[in-house]
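Please take these sequences and the hints and turn them into a complete structure.
Numbering (my numbering), first residue to last: 1224 to 1596.
Hints are not guaranteed to be accurate.
What the hints assert, rightly or not - Straight-line alpha carbon distances no greater than 27 Å define the calculated DSSO-like cross-link-like pairs of lysine-lysine that follow: (1) K1581 / K1285; (2) K1303 / K1285; (3) K1228 / K1285; (4) K1403 / K1557; (5) K1337 / K1228; (6) K1337 / K1403; (7) K1567 / K1557; (8) K1406 / K1581; (9) K1303 / K1377; (10) K1229 / K1285; (11) K1337 / K1377; (12) K1303 / K1239; (13) K1581 / K1567; (14) K1303 / K1228; (15) K1337 / K1229; (16) K1239 / K1557.
Unchecked claim - Derived Cβ-Cβ restraints for the label pairs, each shown as a range: (17) S1522 / E1402: 27 to 33 Å; (18) G1405 / G1328: 41 to 47 Å; (19) N1500 / F1331: 31 to 37 Å.
Hints listed in this document are in silico derivations from the structure and should not be mistaken for laboratory results. The beta carbon of each residue, even a glycine, is placed where N, CA and C say it ideally should be.
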Amino acid sequence: MPYPKKSAAAVLNEYKQPLEVREIDVPELEPDAMIVEVEASTMCGTDVHIHQGEYASAGLSKLPLVMGHEIVGRIAVLGKDRRTDALGRPLQEGDLVAWSYAWCGRCFWCTISKQPTACANARMYGWGSADQFPHLTGGFSEYAYVMPLCDVVKVPENLDPALAASSTCAFRTIVHGYEKIGKIETIDTVVIQGSGPVGLYALAFAIQSGARQTICIGAPASRLELAGRWGANHTFDIGETDVSERRERVLELTEGRGADLVVECSGAGAAFVEGMNLIRRGGRYLILGQADPNPVEISGTYFNLRQLTVAGTMSADISHYYRALQFLSDHQEKFPFHELLGNKYGLSGVNDALESMKAMREVKPVIIPSMQG
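Okay, structure coming up:
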């Protein structure tokens, strides 16, 4: 296709204010880069927090920015030195792809500890300033620029692009987290804290991994109904039960021991303390969602006397993207993943989508930049 000169994009110019749709110049292409036409970008709860300016003081989000970090797109222009995806499969214009953040490949975390998600110089999508090259680093845009240091994988042909996009934040982080915390055994009781997209995807992974029973704690009731349809054995509504009641129920369901594995997906500081009290002695706690900067009080002796294993993760490398996409592709007949997806909006509807997300009317609105309205 002809090289695009301009890209319409929904740009956040001021925190807490509506995004503005405007045109951004498409930069010249580096040899190892590519331009993709965004097929779908799903909205994440983090987008609401970015819009409210909650990450600005830490320097994580920078205005003006093209929001959207859950993205898949079709290759529009391929750099002359970019020929294959991360699995060595040939790439060509028209291929539907997902891509990782850009890890520097030179820092301690990239080279020595082999932890690229802790990269000291990472370039992320949906967070950076549109004034900074390459400008088009968000999904709420007609086109996105895939940087040379981004790893790329093809999206399975049987996956809806919107569903594929939804895996590029929540689910790839979950795959990374489960890899870190260790295998789920067939005798394990797994408690999932949170019934949003992260919690529901974590639930599906635990069920498919062979957990003996799964318990989902969250709200509102409509999302817990989703969890039940996905296969959760038990659901506890935080609006109808208190912390002590939920702990008592978990103990009843585990012969007084507590859960073998608790997976925190809620983001609330109070959930962290509650989760620590749901784990059996010698159990494990995987923290995926904590976003509350306020400290919580818990004794350090709790960790060693109860012999707990605790792990936290964020983001993912390309291996986790690949595994997440394959999981959705392989198991979409078993789990009704599409129930996560909300209404479809064009770029001019991004502000409506944000409001719907904020009000919890939708789990995951879908932005289709090529769509009118």
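Evaluation of the provided hints:
{"no.": "1", "hint": "K1581 / K1285", "result": "holds (21 Å)"}
{"no.": "2", "hint": "K1303 / K1285", "result": "violated (31 Å)"}
{"no.": "3", "hint": "K1228 / K1285", "result": "holds (24 Å)"}
{"no.": "4", "hint": "K1403 / K1557", "result": "holds (25 Å)"}
{"no.": "5", "hint": "K1337 / K1228", "result": "violated (38 Å)"}
{"no.": "6", "hint": "K1337 / K1403", "result": "holds (13 Å)"}
{"no.": "7", "hint": "K1567 / K1557", "result": "holds (24 Å)"}
{"no.": "8", "hint": "K1406 / K1581", "result": "violated (35 Å)"}
{"no.": "9", "hint": "K1303 / K1377", "result": "holds (18 Å)"}
{"no.": "10", "hint": "K1229 / K1285", "result": "holds (22 Å)"}
{"no.": "11", "hint": "K1337 / K1377", "result": "holds (23 Å)"}
{"no.": "12", "hint": "K1303 / K1239", "result": "violated (41 Å)"}
{"no.": "13", "hint": "K1581 / K1567", "result": "holds (16 Å)"}
{"no.": "14", "hint": "K1303 / K1228", "result": "holds (18 Å)"}
{"no.": "15", "hint": "K1337 / K1229", "result": "violated (38 Å)"}
{"no.": "16", "hint": "K1239 / K1557", "result": "violated (39 Å)"}
{"no.": "17", "hint": "S1522 / E1402: 27 to 33 Å", "result": "holds (29 Å)"}
{"no.": "18", "hint": "G1405 / G1328: 41 to 47 Å", "result": "violated (28 Å)"}
{"no.": "19", "hint": "N1500 / F1331: 31 to 37 Å", "result": "holds (36 Å)"}
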